[in-house]
Structures are given as C-alpha cells and as structure tokens.
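The listed protein sequences derive, respectively, from chains L and W. In the working numbering, each number is its position in the first sequence, counted from 1, plus 31. In the working numbering, each number is its position in the second sequence, counted from 1, plus 31.
In short, the hints are calculated from the structure, not lab data. Check the hints yourself; a few may be wrong.
One copy or two, either will do: identical chains are not told apart, so a pair holds if it fits within one copy or between any two.
BS3-like mimics (lysine-lysine), calculated; alpha carbons at most 30 Å apart, straight line [unchecked claim]:
| no. | residue 1 | residue 2 |
| --- | --- | --- |
| 1 | 77 | 116 |
| 2 | 137 | 163 |
| 3 | 280 | 137 |
| 4 | 56 | 140 |
| 5 | 223 | 56 |
| 6 | 77 | 239 |
| 7 | 339 | 195 |
| 8 | 239 | 195 |
| 9 | 56 | 137 |
| 10 | 344 | 223 |
| 11 | 223 | 280 |
| 12 | 163 | 56 |
| 13 | 140 | 188 |
Note that the structure is a prediction, hence the values are computed from the model and not measured.
Here is what each chain is made of, one letter per residue.
2 protein chains.
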Amino acid sequence: MERIILAHGGGGRLSGQIISELFLKYFDNPILNALEDASLLNIEGKRLAFTTDSFVITPPFFPGGDIGKLAVCGTVNDLTMRGAKPLYLSAAFILEEGFPISDLEKIVKSMAETCEMAGAKIVAGDTKVVGKGAVDGIFINTTGIGIVDDHINISVKNAEVGDKIILTGTLGDHGIAILSIREGISFETEIKSDCSPLNLLFEGIFEKYGEYIHVMRDPTRGGLAAVLNEIASGSGKGILIYENRIPYKEEVLNACYMLGLDPLHLANEGKAVMIVSQDKAEEILNRLKEHPLGRDASIIGEVLDADKNVYLKTSIGTTRIVDVPAGELLPRIC
Amino acid sequence: MERIILAHGGGGRLSGQIISELFLKYFDNPILNALEDASLLNIEGKRLAFTTDSFVITPPFFPGGDIGKLAVCGTVNDLTMRGAKPLYLSAAFILEEGFPISDLEKIVKSMAETCEMAGAKIVAGDTKVVGKGAVDGIFINTTGIGIVDDHINISVKNAEVGDKIILTGTLGDHGIAILSIREGISFETEIKSDCSPLNLLFEGIFEKYGEYIHVMRDPTRGGLAAVLNEIASGSGKGILIYENRIPYKEEVLNACYMLGLDPLHLANEGKAVMIVSQDKAEEILNRLKEHPLGRDASIIGEVLDADKNVYLKTSIGTTRIVDVPAGELLPRIC
Numbered sequence: 032m033e034r035i036i037l038a039h040g041g042g043g044r045l046s047g048q049i050i051s052e053l054f055l056k057y058f059d060n061p062i063l064n065a066l067e068d069a070s071l072l073n074i075e076g077k078r079l080a081f082t083t084d085s086f087v088i089t090p091p092f093f094p095g096g097d098i099g100k101l102a103v104c105g106t107v108n109d110l111t112m113r114g115a116k117p118l119y120l121s122a123a124f125i126l127e128e129g130f131p132i133s134d135l136e137k138i139v140k141s142m143a144e145t146c147e148m149a150g151a152k153i154v155a156g157d158t159k160v161v162g163k164g165a166v167d168g169i170f171i172n173t174t175g176i177g178i179v180d181d182h183i184n185i186s187v188k189n190a191e192v193g194d195k196i197i198l199t200g201t202l203g204d205h206g207i208a209i210l211s212i213r214e215g216i217s218f219e220t221e222i223k224s225d226c227s228p229l230n231l232l233f234e235g236i237f238e239k240y241g242e243y244i245h246v247m248r249d250p251t252r253g254g255l256a257a258v259l260n261e262i263a264s265g266s267g268k269g270i271l272i273y274e275n276r277i278p279y280k281e282e283v284l285n286a287c288y289m290l291g292l293d294p295l296h297l298a299n300e301g302k303a304v305m306i307v308s309q310d311k312a313e314e315i316l317n318r319l320k321e322h323p324l325g326r327d328a329s330i331i332g333e334v335l336d337a338d339k340n341v342y343l344k345t346s347i348g349t350t351r352i353v354d355v356p357a358g359e360l361l362p363r364i365c
Numbered sequence: 032m033e034r035i036i037l038a039h040g041g042g043g044r045l046s047g048q049i050i051s052e053l054f055l056k057y058f059d060n061p062i063l064n065a066l067e068d069a070s071l072l073n074i075e076g077k078r079l080a081f082t083t084d085s086f087v088i089t090p091p092f093f094p095g096g097d098i099g100k101l102a103v104c105g106t107v108n109d110l111t112m113r114g115a116k117p118l119y120l121s122a123a124f125i126l127e128e129g130f131p132i133s134d135l136e137k138i139v140k141s142m143a144e145t146c147e148m149a150g151a152k153i154v155a156g157d158t159k160v161v162g163k164g165a166v167d168g169i170f171i172n173t174t175g176i177g178i179v180d181d182h183i184n185i186s187v188k189n190a191e192v193g194d195k196i197i198l199t200g201t202l203g204d205h206g207i208a209i210l211s212i213r214e215g216i217s218f219e220t221e222i223k224s225d226c227s228p229l230n231l232l233f234e235g236i237f238e239k240y241g242e243y244i245h246v247m248r249d250p251t252r253g254g255l256a257a258v259l260n261e262i263a264s265g266s267g268k269g270i271l272i273y274e275n276r277i278p279y280k281e282e283v284l285n286a287c288y289m290l291g292l293d294p295l296h297l298a299n300e301g302k303a304v305m306i307v308s309q310d311k312a313e314e315i316l317n318r319l320k321e322h323p324l325g326r327d328a329s330i331i332g333e334v335l336d337a338d339k340n341v342y343l344k345t346s347i348g349t350t351r352i353v354d355v356p357a358g359e360l361l362p363r364i365c
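The task is simple: from the sequences and hints, build the whole structure.
See the structure below:
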C-alpha cells in the first residue's frame with residue numbers, strides 16, 4: 032500500500048504529484064485548477080482573492096517570529112501575491128492537551144499585532160483540543176479574503192518574453208533561522224526569520240504599477256527553485272537567473288556552504304518574486320528599495336522564449352538547470 | 032502553569048472562557064465578537080458569510096460518513112446557519128507520514144461528492160505532512176464563503192419573546208455513532224451519523240420564510256444544551272423546551288440510558304435549531320417535513336420573557352434548568 036511521506040508536503044515534485052493526481056482529479060474546477068497562491072473568486076462582480084494555509088512549524092517560537100506571526104504573514108502574503116488587498120482572516124487552532132496557556136497567549140498576541148500591522152482582521156475562529164500525543168503542540172490554519180483592484184491581473188500564467196524578474200530581498204533567512212534553532216547550530220550572528228506581511232511593501236506599488244506586474248509568488252516551501260519552475264511551467268516560458276545578482280546574507284551563505292544546502296531551495300517568509308514589464312522594472316525596483324522590506328531587492332533575471340526550464344548562470348560563467356526540489360529539505364518549516 | 036485541557040475545545044463552558052479571555056481579548060473586533068456560527072462580512076455592499084472549522088474526528092471513517100464528508104458538511108452548515116448560500120470552500124489537510132494514500136483518496140472523493148451535493152466548490156487548498164506521531168492520521172480544515180440574500184437577517188441576538196423553537200430532526204445520532212464505533216459498543220441496529228449538508232433542506236425555506244427566521248444554530252459540539260444556552264445569552268431571553276417533543280431515535284435513547292449520557296449534550300452534524308416567528312412556525316414546520324432531512328422536525332419549545340436560562344419541562348411534569356456542558360463529553364467528535 033502506498034503511503035504519505037514527508038515530501039508529499041514539501042512543496043516540490045511529490046507535492047505537485049499528489050495535488051494533480053488526487054486533489055485536482057476529484058475537486059476539478061477552473062478556479063482550483065489554476066493553482067495560484069490565492070484563488071480569484073468573482074462574487075456578483077467583485078473580484079475576491081481567497082487562500083488557505085495550515086502552519087505546523089516546529090518549534091513554535093523562533094528567531095524573528097512565532098507560529099502566530101507566521102500564520103498571519105503566510106496568508107496575507109498569499110493574498111498579496113495575487114495583487115489583493117488583505118481584508119479578513121479566519122484562524123483555526125488545533126491544540127495538544129497540556130499546551131501551556133501562556134504560550135498560546137503569546138501566539139495569539141503576536142497574531143493580533145501582525146494583523147494590526149497588515150491592516151487585516153481576524154473575523155472567524157475555531158479551537159479544537161486533542162489528546163496528548165495526537166498533535167505536536169499547536170497547529171494553526173489561517174484562511175484569508177482580499178479584494179483585487181480592477182487594473183490588476185497577476186497570474187502565474189502571465190509571464191511574457193523579455194519580462195524582468197525581481198527578487199525583493201535576501202534569500203534563505205527563514206530556512207536557516209529554523210534550521211539553526213532546531214538543530215542547535217549557532218552562527219556568529221543570529222539569523223532571524225524574514226517573516227513579514229508583504230502587503231506593506233506593495234501597497235503603493237500595486238496602485239502605480241499594478242498593470243505592469245505580471246506574476247508574483249512568495250518563495251516559501253521549496254524556495255526560489257520551486258517558485259521559478261512553477262512560473263516557467265505555468266506560463267510556458269523559459270527563465271534565466273544570474274547567480275551573482277541574487278542577494279544573500281553572508282551568514283546564510285556560510286550556513287549553506289557548511290551544511291551542503293542549495294540556497295535556492297531554502298524557505299522564505301517575507302520575500303516575493305515578481306515578473307514585471309521590462310520597461311518598468313528599474314522604476315519598480317527603485318520603489319521597492321525605498322521600503323525597509325525591499326531594501327535588498329534586485330533584478331535577478333529575465334523571461335526567455337524557451338522551453339519551460341529555469342536556467343542559472345553561475346558566478347563562474349557556466350549555466351545549469353535549476354530543478355524543482357524532489358523531496359523535503361526541512362520538514363515543518365512553516 | 033495553566034495548561035490547555037480537552038474541555039477547552041469541547042464547545043462548553045471552558046471553550047467559552049478561552050474564547051472570551053484570549054481570542055476576543057486580542058482579536059477584538061465587532062465581527063468576531065458577535066460569536067456567530069458564521070461571520071457576516073460586508074465587502075463593497077455584498078453581504079458574505081465566512082466561517083472556519085478544523086476537523087480532528089477519530090476514527091476518520093465512521094457509520095454514515097468520514098472526516099471528508101464531515102468537513103464539507105460542517106462548514107456548509109455553519110454558512111447555512113447564517114442564512115447564507117454556500118459558494119466556495121477551502122480545504123487544508125494535515126497528514127501524518129505513513130497515512131495510506133488509498134484512505135486519503137476515499138476522503139477526498141467523499142469531499143468532492145458532498146460538495147457536488149451541496150452545490151459548493153473547493154477552490155483553494157493546502158497540504159502539510161508531518162512526521163509520524165506529530166499528528167494522529169489526518170486533520171482537515173475547511174473554511175467557507177457564502178452569500179446572504181437581502182431579506183435575511185439571522186443572528187443569535189434576534190430571538191424574540193413568543194418565537195417558536197424548531198428542531199429539524201432526531202437528536203444525538205452523530206454522537207452515539209462515533210461513541211459506538213470508538214468504544215466498540217454495538218447496538219441492535221447500527222446507528223449512523225446524521226452528517227448532511229443542511230443547505231439542501233433550507234433552500235426553498237430561506238426564499239419563502241427568510242424574514243421570519245430569527246436565529247439558527249446547528250447543535251454540534253456541546254449539543255442542544257450548548258446551542259440553546261448560546262441563544263438565550265446572545266439574545267437576552269429565556270428558553271423553554273418540552274422533553275416529550277424532542278425527537279430521538281429509539282436506539283440513541285437506549286444508548287443514553289445504558290451509558291448514563293444526557294442526550295441534550297450529544298453532538299449532531301445534520302440538524303438545526305431554528306427560532307422563528309410564532310405565526311409562521313407551523314408553516315415552516317410543514318415545509319421542513321416535506322424534505323428527507325426534515326422529516327422528523329418538531330416544534331420543541333418557545334422563547335420566554337425571562338432571565339437568560341434554558342428550561343426543560345420533563346415528561347413527568349417537572350422543570351429543570353439545562354446547563355451548558357462544563358467539560359468535554361467525548362473528545363474529537365468532529
């Protein structure tokens with residue numbers, strides 16, 4: 032009998048397989064089949080974005096955040112990746128018997144603060160408690176609704192040949208932060224998760240440049256490698272990125288060298304990949320850099336008239352194909 | 032240090048306490064504070080209902096359904112209890128490493144069939160896999176969006192003195208079905224869960240009688256006792272019900288006698304309590320009885336100009352106060 036393995040939830044190839052062979056097979060409808068970060072609903076003429084995520088990260092408190100902050104940012108960011116303004120969130124908790132109420136309070140407080148920052152409201156909730164051992168501490172589901180302005184049409188399908196690829200900041204901070212605390216590895220400086228509500232970065236940009244933004248994705252599970260492959264296959268185009276244009280924190284790169292990790296596979300929780308019109312790319316980049324969350328933004332590549340592959344031009348001048356991570360780099364990263 | 036206990040998720044007094052002392056304290060906003068089965072959102076003039084629920088039932092397959100059917104019905108029913116027409120659902124799975132893929136397929140298929148029946152679509156999803164022992168098998172979160180017609184204004188606050196209380200069918204089927212399979216207790220006839228999408232029962236009724244329906248709730252966790260107390264305290268009225276008007280299946284009552292359970296505390300997954308205008312109660316009742324899901328409907332009591340208590344007139348003529356269940360009758364019932 033075939034059984035679920037960790038990689039089915041890793042955001043890589045096996046995740047894709049279970050989604051297409053099971054979920055799309057039975058739930059089959061055009062909205063779900065689009066496989067966007069957030070689905071677009073047309074309810075009596077209003078375009079609403081809708082997205083769900085469960086958070087199972089371990090440990091629940093980590094440098095730069097906690098499961099509550101992450102749960103709000105994750106859903107706010109998925110709405111933002113569709114060009115939506117986040118409005119309302121639900122929050123559903125599954126708690127293990129014996130979980131300290133003081134920890135729950137810290138988490139709830141952190142969710143409230145992150146919502147306040149993002150300008151979204153938690154308007155529906157649910158709490159389930161299961162016996163000791165039936166869940167590991169605390170899991171949180173957040174599901175969000177946002178509204179999409181008329182001039183915005185962001186979809187994984189929309190990459191055009193010649194478009195520029197912007198990455199809004201350094202790669203891998205979340206992944207290495209979680210890895211370091213979980214495995215007890217310490218570096219010279221503490222690496223913090225980048226966990227942030229990205230709508231703050233994009234508000235003005237959507238208004239001014241909305242029509243020039245073709246695709247957006249946040250490289251969470253599966254990292255930049257997974258996201259760029261999703262865009263290449265979703266839009267039927269090729270993608271070329273330049274290794275020396277990808278921003279990294281020194282400590283993150285060191286950690287990757289030390290641990291033998293590919294930084295393109297590392298998870299991020301406060302970064303976005305944007306595919307934008309060539310002629311507006313510099314303007315958008317400069318605008319991003321004005322905001323603390325976009326300070327390290329960089330144009331890292333472009334969209335090619337090529338097969339649906341992702342190519343990386345390395346610092347030493349060679350070119351290699353960037354594949355979707357097959358398995359699970361680090362389970363329970365979000 | 033105070034810790035979470037099972038009763039914090041039981042739908043009774045301790046659930047209420049953690050909601051008000053923790054969630055409402057931090058998330059504080061009028062939509063959430065209303066504590067309805069589904070929240071009412073006003074998005075650019077459209078009234079949408081929004082609700083979330085996680086399902087942690089054990090075992091995942093039970094007489095009359097499975098966790099997938101339950102997850103769809105639960106959310107469809109919460110939308111229906113606000114008078115909404117269910118439109119879109121998200122489905123987020125948390126799976127234990129090693130969970131049989133064939134079981135997952137049965138569950139997904141069952142969700143798809145229930146959605147088809149209810150006329151709702153699953154348009155957003157998420158899958159997380161956690162290591163063996165970090166979750167017990169499978170948990171599912173469903174979050175739903177529905178649309179509310181203009182003439183409908185159903186809220187736990189709206190009970191009026193003189194209103195009649197309708198229960199749409201027999202009480203306790205789900206609770207006893209789960210208990211029997213879990214504890215290996217068998218009865219002469221197999222008791223099946225009543226798990227059903229209730230929007231099917233109400234479609235025509237909302238259209239014709241929407242304005243005469245003041246309150247609706249489905250008596251899930253905490254049972255009829257919890258729901259009537261929520262209505263009494265939400266609307267500031269008293270409630271009187273008559274024991275001999277409450278419909279039960281013979282086997283469910285026998286099981287309660289045998290196990291010493293109060294049937295008013297048992298969970299239901301395909302029944303609703305309605306508080307309706309006195310002069311339309313009979314008409315609505317007759318209409319309900321025409322539908323297979325409402326065949327056993329009964330007017331079980333009325334709303335009183337009294338303190339916020341729930342009174343039960345027993346079959347032997349005495350009156351007792353029906354209290355909110357303090358603890359957890361049966362954990363992981365949904």
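Evaluated hints:
1. In this assembly of identical chains, the alpha carbons of residue 77 and residue 116 lie at most 30 Å apart whether taken from the same copy (13 Å) or from different copies (17 Å).
2. With identical chains, the CA atoms of residue 137 and residue 163 are at most 30 Å apart both within one copy (21 Å) and between copies (27 Å).
3. Only within a single protomer do residue 280 and residue 137 lie at most 30 Å apart by alpha-carbon distance; the minimum there is 29 Å, versus 46 Å between protomers.
4. For the homomeric pair residue 56 and residue 140, the shortest alpha-carbon distance between copies (9 Å) is at most 30 Å, but the shortest distance inside one copy (40 Å) is not.
5. In this assembly of identical chains, residue 223 and residue 56 lie within 30 Å of each other by CA distance solely across copies; the values are 29 Å between and 39 Å within a copy.
6. For a Cα distance limit of 30 Å, the shortest separation of residue 77 from residue 239 qualifies both inside one copy, at 21 Å, and across copies, at 27 Å.
7. Taking the shortest alpha-carbon separations for residue 339 and residue 195, only the intra-copy value of 16 Å comes in at or below 30 Å, while the best inter-copy value is 64 Å.
8. In this homomeric assembly, residue 239 and residue 195 come within 30 Å of each other (Cα to Cα) only inside a single copy, at 18 Å, whereas the closest approach across copies is 56 Å.
9. With identical chains, the CA atoms of residue 56 and residue 137 are at most 30 Å apart between copies only, with a shortest distance of 12 Å across copies and 40 Å within one.
10. Taking the shortest Cα distances, residue 344 and residue 223 sit within 30 Å of each other inside one copy (28 Å), while across copies they are farther apart (62 Å).
11. In the homo-oligomer, the alpha carbons of residue 223 and residue 280 lie at most 30 Å apart inside one protomer (11 Å), although the nearest pairing across protomers, at 58 Å, exceeds that limit.
12. For a Cα distance limit of 30 Å, the shortest separation of residue 163 from residue 56 across copies, 27 Å, qualifies, whereas the shortest one inside one copy, 35 Å, does not.
13. Taking identical chains as interchangeable, the C-alpha atoms of residue 140 and residue 188 lie at most 30 Å apart only when they sit on different chains, with a minimum of 28 Å there against 38 Å within one chain.
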